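2 protein chains.
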Amino acid sequence: MEREFIKICKQSFNSDQITSSENELYRHSHDESHHPSVEPDLVFFPESADDVVNIVGISRQFQIPITPFGTGSGLEGQVIPVKKGISVNFERMNQVIKFSPEDMLVTVQPGITRMGLNSIINKHGLYFPIDPGADASIGGMVATNASGTTAVRYGSMRDQLLDLEVVLANGTVIHTGTKAKKSSSGLHLTGLFAGSEGTLGLITEITLKLHGIPEHTIAATCTFDTPRACTEAAHAILLSGIPILRMEFVDALSISFVNAYGSYGLPEKHSLFFEFAGMQKAVEEESLLAEGLLKDMGCENWAIASDSGERARLWKARHEMSYAFRHIKGMTSTGGDVCAPISKLPHLVDYARELIAESGLTGGIFGHVGDGNFHTIIMYDTSSTDELAKAEQINGRLAERAIELGGTCTGEHGVGIGKRKYQFAEHGAALEVMKSMKQLFDPENLLNPGKIFL
Amino acid sequence: MEREFIKICKQSFNSDQITSSENELYRHSHDESHHPSVEPDLVFFPESADDVVNIVGISRQFQIPITPFGTGSGLEGQVIPVKKGISVNFERMNQVIKFSPEDMLVTVQPGITRMGLNSIINKHGLYFPIDPGADASIGGMVATNASGTTAVRYGSMRDQLLDLEVVLANGTVIHTGTKAKKSSSGLHLTGLFAGSEGTLGLITEITLKLHGIPEHTIAATCTFDTPRACTEAAHAILLSGIPILRMEFVDALSISFVNAYGSYGLPEKHSLFFEFAGMQKAVEEESLLAEGLLKDMGCENWAIASDSGERARLWKARHEMSYAFRHIKGMTSTGGDVCAPISKLPHLVDYARELIAESGLTGGIFGHVGDGNFHTIIMYDTSSTDELAKAEQINGRLAERAIELGGTCTGEHGVGIGKRKYQFAEHGAALEVMKSMKQLFDPENLLNPGKIFL
Ligand SMILES: Cc1cc2nc3c(=O)[nH]c(=O)nc-3n(C[C@H](O)[C@H](O)[C@H](O)COP(=O)(O)OP(=O)(O)OC[C@H]3O[C@@H](n4cnc5c(N)ncnc54)[C@H](O)[C@@H]3O)c2cc1C
Ligand SMILES: Cc1cc2nc3c(=O)[nH]c(=O)nc-3n(C[C@H](O)[C@H](O)[C@H](O)COP(=O)(O)OP(=O)(O)OC[C@H]3O[C@@H](n4cnc5c(N)ncnc54)[C@H](O)[C@@H]3O)c2cc1C
Numbered sequence: 001m002e003r004e005f006i007k008i009c010k011q012s013f014n015s016d017q018i019t020s021s022e023n024e025l026y027r028h029s030h031d032e033s034h035h036p037s038v039e040p041d042l043v044f045f046p047e048s049a050d051d052v053v054n055i056v057g058i059s060r061q062f063q064i065p066i067t068p069f070g071t072g073s074g075l076e077g078q079v080i081p082v083k084k085g086i087s088v089n090f091e092r093m094n095q096v097i098k099f100s101p102e103d104m105l106v107t108v109q110p111g112i113t114r115m116g117l118n119s120i121i122n123k124h125g126l127y128f129p130i131d132p133g134a135d136a137s138i139g140g141m142v143a144t145n146a147s148g149t150t151a152v153r154y155g156s157m158r159d160q161l162l163d164l165e166v167v168l169a170n171g172t173v174i175h176t177g178t179k180a181k182k183s184s185s186g187l188h189l190t191g192l193f194a195g196s197e198g199t200l201g202l203i204t205e206i207t208l209k210l211h212g213i214p215e216h217t218i219a220a221t222c223t224f225d226t227p228r229a230c231t232e233a234a235h236a237i238l239l240s241g242i243p244i245l246r247m248e249f250v251d252a253l254s255i256s257f258v259n260a261y262g263s264y265g266l267p268e269k270h271s272l273f274f275e276f277a278g279m280q281k282a283v284e285e286e287s288l289l290a291e292g293l294l295k296d297m298g299c300e301n302w303a304i305a306s307d308s309g310e311r312a313r314l315w316k317a318r319h320e321m322s323y324a325f326r327h328i329k330g331m332t333s334t335g336g337d338v339c340a341p342i343s344k345l346p347h348l349v350d351y352a353r354e355l356i357a358e359s360g361l362t363g364g365i366f367g368h369v370g371d372g373n374f375h376t377i378i379m380y381d382t383s384s385t386d387e388l389a390k391a392e393q394i395n396g397r398l399a400e401r402a403i404e405l406g407g408t409c410t411g412e413h414g415v416g417i418g419k420r421k422y423q424f425a426e427h428g429a430a431l432e433v434m435k436s437m438k439q440l441f442d443p444e445n446l447l448n449p450g451k452i453f454l
Numbered sequence: 001m002e003r004e005f006i007k008i009c010k011q012s013f014n015s016d017q018i019t020s021s022e023n024e025l026y027r028h029s030h031d032e033s034h035h036p037s038v039e040p041d042l043v044f045f046p047e048s049a050d051d052v053v054n055i056v057g058i059s060r061q062f063q064i065p066i067t068p069f070g071t072g073s074g075l076e077g078q079v080i081p082v083k084k085g086i087s088v089n090f091e092r093m094n095q096v097i098k099f100s101p102e103d104m105l106v107t108v109q110p111g112i113t114r115m116g117l118n119s120i121i122n123k124h125g126l127y128f129p130i131d132p133g134a135d136a137s138i139g140g141m142v143a144t145n146a147s148g149t150t151a152v153r154y155g156s157m158r159d160q161l162l163d164l165e166v167v168l169a170n171g172t173v174i175h176t177g178t179k180a181k182k183s184s185s186g187l188h189l190t191g192l193f194a195g196s197e198g199t200l201g202l203i204t205e206i207t208l209k210l211h212g213i214p215e216h217t218i219a220a221t222c223t224f225d226t227p228r229a230c231t232e233a234a235h236a237i238l239l240s241g242i243p244i245l246r247m248e249f250v251d252a253l254s255i256s257f258v259n260a261y262g263s264y265g266l267p268e269k270h271s272l273f274f275e276f277a278g279m280q281k282a283v284e285e286e287s288l289l290a291e292g293l294l295k296d297m298g299c300e301n302w303a304i305a306s307d308s309g310e311r312a313r314l315w316k317a318r319h320e321m322s323y324a325f326r327h328i329k330g331m332t333s334t335g336g337d338v339c340a341p342i343s344k345l346p347h348l349v350d351y352a353r354e355l356i357a358e359s360g361l362t363g364g365i366f367g368h369v370g371d372g373n374f375h376t377i378i379m380y381d382t383s384s385t386d387e388l389a390k391a392e393q394i395n396g397r398l399a400e401r402a403i404e405l406g407g408t409c410t411g412e413h414g415v416g417i418g419k420r421k422y423q424f425a426e427h428g429a430a431l432e433v434m435k436s437m438k439q440l441f442d443p444e445n446l447l448n449p450g451k452i453f454l
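Chains A and B supply the protein sequences, listed in that same order.
Counting from 1, one number per residue, gives the positions in the first sequence under the working numbering.
Counting from 1, one number per residue, gives the positions in the second sequence under the working numbering.
Treat each hint with caution, since some may be false.
Because identical chains share one entry, a pair is satisfied inside a single copy or across any pair of copies.
[What the hints assert, rightly or not] Result set (EDC-like, lysine to aspartate or glutamate): computed pairs, CA atoms no more than 20 Å apart in a straight line:
(1) K98 <-> E404
(2) K281 <-> E300
(3) K209 <-> D135
(4) K10 <-> E404
(5) K435 <-> D307
(6) K329 <-> E300
(7) K7 <-> E310
(8) K281 <-> E215
(9) K84 <-> E387
(10) K281 <-> E22
(11) K435 <-> E39
(12) K269 <-> E39
(13) K123 <-> E47
(14) K269 <-> D350
(15) K83 <-> E232
(16) K281 <-> E291
Just so you know, the hints here were simulated from the structure itself, not pulled from any lab data.
These figures come from a predicted structure and were not determined experimentally.
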């Protein structure tokens with residue numbers, strides 16, 4: 001017998017906006033993480049903010065949970081509808097609403113992906129630089145406060161936002177900001193929705209700052225003998241004041257995996273990847289300065305990629321890192337995402353290496369060291385619960401250590417399911433305040449229940 | 001008869017921590033705005049977060065309002081204890097708690113001023129660049145989300161924050177963040193307290209990002225025939241991608257006032273002030289590029305100040321702008337603080353000029369045009385209520401127009417008393433959400449009551 005809320009949905013929307021087809025339920029049951037999948041009862045494709053208001057009304061009326069869905073590239077199970085209900089997929093709300101090159105800003109619907117957005121704006125000399133590797137939706141990136149390789153210069157998603165349109169649990173539609181570059185008016189809600197993972201409201205419009213495409217770009221790589229030497233060099237680069245665009249660490253094991261995956265022929269040593277970007281003379285000066293500094297610190301294999309083909313190849317290798325670990329048959333992986341003050345990084349990376357070595361598992365370490373943020377990717381046999389437990393233990397101990405060092409259990413992937421258990425250790429008394437805010441915004445706990453909070 | 005809460009305060013704290021001396025009550029009755037002063041019943045000088053927890057307890061017990069006080073340099077009456085009660089002055093909590101040059105961050109108590117902080121950190125090659133002209137306290141700057149001349153590069157106070165320690169109305173002490181450069185953990189509270197003007201909690205510790213002191217700096221000025229030409233040129237500079245450190249507009253009238261005030265001998269025309277800062281070659285390239293671009297647009301009087309004495313003199317003139325208007329006997333002034341998308345600025349500045357001309361009052365226009373933010377400073381005879389009304393009307397109409405253009409009624413000064421009446425126009429349905437958050441954090445309305453919300 002069909003459940004009442006499904007009937008009402010069928011009456012309220014076009015038939016192609018709702019589905020419970022097997023493949024769609026499956027697609028909306030998981031993301032790119034290892035967290036166990038749960039299928040929603042229904043998938044809904046809104047085409048407007050009004051549709052979102054209506055689905056939220058139905059959710060309230062029948063007390064059926066709602067879980068927003070971007071592209072499902074999340075790494076902490078954020079889109080998994082753990083309490084079932086309705087998965088709200090924003091892929092049809094993927095339009096640019098207003099592009100204002102003269103103000104270097106754009107207003108988009110949440111379902112547009114970052115590459116989709118860039119393909120529209122790049123021809124005007126502007127770009128949206130936040131790059132989490134995956135071609136994620138802008139809505140999902142806001143909701144997880146994503147960042148990635150360019151955060152060392154541009155910050156995280158939260159730093160890119162001027163205004164959000166949000167549908168609240170009670171059906172109210174609000175705007176959190178304005179189109180002005182800065183404001184001291186009212187209480188600041190924009191930053192609160194960034195990283196809220198669909199637990200406080202559904203985002204239906206996003207106004208983003210854009211940046212000029214740098215005139216000139218130079219990419220470079222170099223290697224060191226130890227992970228510690230790499231992170232110390234990264235620290236020195238930061239302190240030098242060179243305004244790098246990207247600075248990534250990749251350990252030797254990860255390099256060997258990605259070489260095997262894509263025949264990149266990179267030197268299989270602990271490596272740093274750099275990108276310098278800006279006006280030509282400045283960039284050339286920066287890359288020379290960096291080269292001198294790194295060589296003084298004993299780097300080897302310094303190599304520059306200045307043409308765009310070589311550069312693209314390098315960053316493709318960097319972005320394929322996690323797939324390189326995951327394509328192996330019968331094996332899958334878990335990922336850590338700690339972030340700590342940069343001076344603590346050499347210690348934290350060493351500690352990660354030790355933990356992996358102790359466990360007997362295979363695991364790589366790489367990440368956005370310019371932010372003090374790195375990932376572990378630890379492989380385990382899918383048929384072995386013991387190996388999964390070991391892998392999770394490593395990430396857990398790393399998260400705890402990062403918090404002890406004044407850092408965070410998640411630099412960019414978000415809390416979702418996997419990082420809920422560290423929320424009290426990280427936030428202490430503030431966790432109760434966060435819970436009371438969740439209660440204020442969503443008193444019936446219908447918006448992505450089971451995420452962020454245990 | 002002494003009121004009970006004063007007795008309890010006397011029992012709870014050292015005698016030099018509380019006062020109701022006439023001059024202290026007066027000092028805490030006003031800020032630098034024109035809003036009518038109100039004296040508190042008592043002034044309290046906390047020396048620790050514990051003291052703050054205790055005073056909050058007393059406030060709750062006796063239902064006596066509390067108003068935090070930084071240096072009283074605010075421009076919207078934020079420190080005026082409109083419901084009387086206790087003014088909590090943070091000047092004794094002015095220490096650096098932890099300076100970590102290796103992580104480019106510092107944790108301070110709220111009462112330290114920006115110059116006090118810089119005098120400690122500059123010798124390590126680092127600086128805290130946010131510069132609202134006045135030597136404000138870091139706590140006050142967080143609480144108003146201050147910015148100023150350098151926001152065009154570094155953003156506002158909110159963008160500088162990693163962690164706040166806050167004493168809530170119920171006496172709980174929370175930390176809103178961590179020492180990591182980025183995080184996607186929990187709900188983001190840090191940004192919410194920035195700009196909350198003491199209405200949600202009392203800030204007792206602040207962790208700030210620091211920046212390297214630029215190796216090389218060049219300041220420059222030029223003039224144009226109209227305000228519109230200035231703002232159009234500023235827009236062109238922004239679009240060119242030159243990463244300026246400061247870009248200020250000052251209209252001809254303001255220049256003539258500041259010349260009279262400080263004998264600066266600046267050309268009395270509509271002017272732009274620039275500062276380029278970074279690595280030497282880059283800065284030289286930037287300033288050349290800017291010069292070419294501005295001259296193409298018809299600028300005159302291009303002048304470079306590359307030695308530090310000349311530069312300091314130029315920025316001193318810029319910072320004295322509002323004092324230049326205020327030292328005239330029998331006259332005082334009100335200030336506007338609108339901010340709009342940069343493409344709307346030429347129109348908004350023209351509109352401001354028209355309104356001032358119509359009113360028959362004398363008023364200058366200057367501000368941080370790189371952010372789309374500018375101030376009006378309109379003089380009125382203190383003995384004429386009619387002139388004050390006219391001056392306020394101008395600022396009101398400007399605020400409304402800025403909001404219509406997608407901007408904000410306050411770019412950096414905050415809401416306080418004067419901008420409460422524009423909150424609904426600017427925030428619409430979100431205003432109710434903000435009020436419910438105020439209610440959540442401060443159910444008895446004891447923390448700086450009468451501010452932000454009508
Ligand atoms: C290979 C790979 C590399 C990655 N590298 C990085 C990296 O470097 N940095 C990084 O930050 N992340 C990285 N990620 C993680 C992922 O790309 C980000 O978390 C991304 O932000 C998720 O976007 P999405 O559109 O896929 O969102 P989804 O995974 O679909 O959803 C994420 C969360 O957002 C919510 N949500 C989605 N849309 C809305 C909306 N409109 N309103 C309210 N809530 C909404 C969902 O409910 C969910 O809680 C990587 C992922 C992969 C697979
Ligand atoms: C000449 C002049 C020029 C100015 N130019 C600029 C400018 O360019 N840009 C700009 O942004 N501002 C400017 N201002 C305004 C002013 O300097 C800023 O608003 C500044 O941030 C106020 O800091 P303060 O320490 O004086 O705070 P106060 O005025 O003392 O207080 C401001 C608010 O902060 C709250 N507060 C203070 N300390 C705490 C705490 N520890 N916890 C919680 N709440 C607290 C107070 O309750 C009040 O609501 C200018 C002022 C003057 C006089």
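Against the structure, the hints come out as follows:
1. K98 <-> E404: between (44 Å within a copy, 16 Å between copies)
2. K281 <-> E300: neither (25 Å within a copy, 28 Å between copies)
3. K209 <-> D135: within (19 Å within a copy, 30 Å between copies)
4. K10 <-> E404: neither (51 Å within a copy, 39 Å between copies)
5. K435 <-> D307: neither (50 Å within a copy, 54 Å between copies)
6. K329 <-> E300: So K329 and E300 fail the 20 Å test inside a copy (34 Å) and across (70 Å) alike.
7. K7 <-> E310: Result: close neither inside a copy nor across copies, 55 Å intra and 75 Å inter.
8. K281 <-> E215: both (10 Å within a copy, 16 Å between copies)
9. K84 <-> E387: neither (28 Å within a copy, 64 Å between copies)
10. K281 <-> E22: neither (56 Å within a copy, 61 Å between copies)
11. K435 <-> E39: Answer is neither; intra-copy 26 Å and inter-copy 38 Å both fail.
12. K269 <-> E39: neither (42 Å within a copy, 68 Å between copies)
13. K123 <-> E47: neither (27 Å within a copy, 57 Å between copies)
14. K269 <-> D350: within (16 Å within a copy, 61 Å between copies)
15. K83 <-> E232: neither (45 Å within a copy, 54 Å between copies)
16. K281 <-> E291: Close inside one copy (15 Å) and across copies (17 Å); limit 20 Å.
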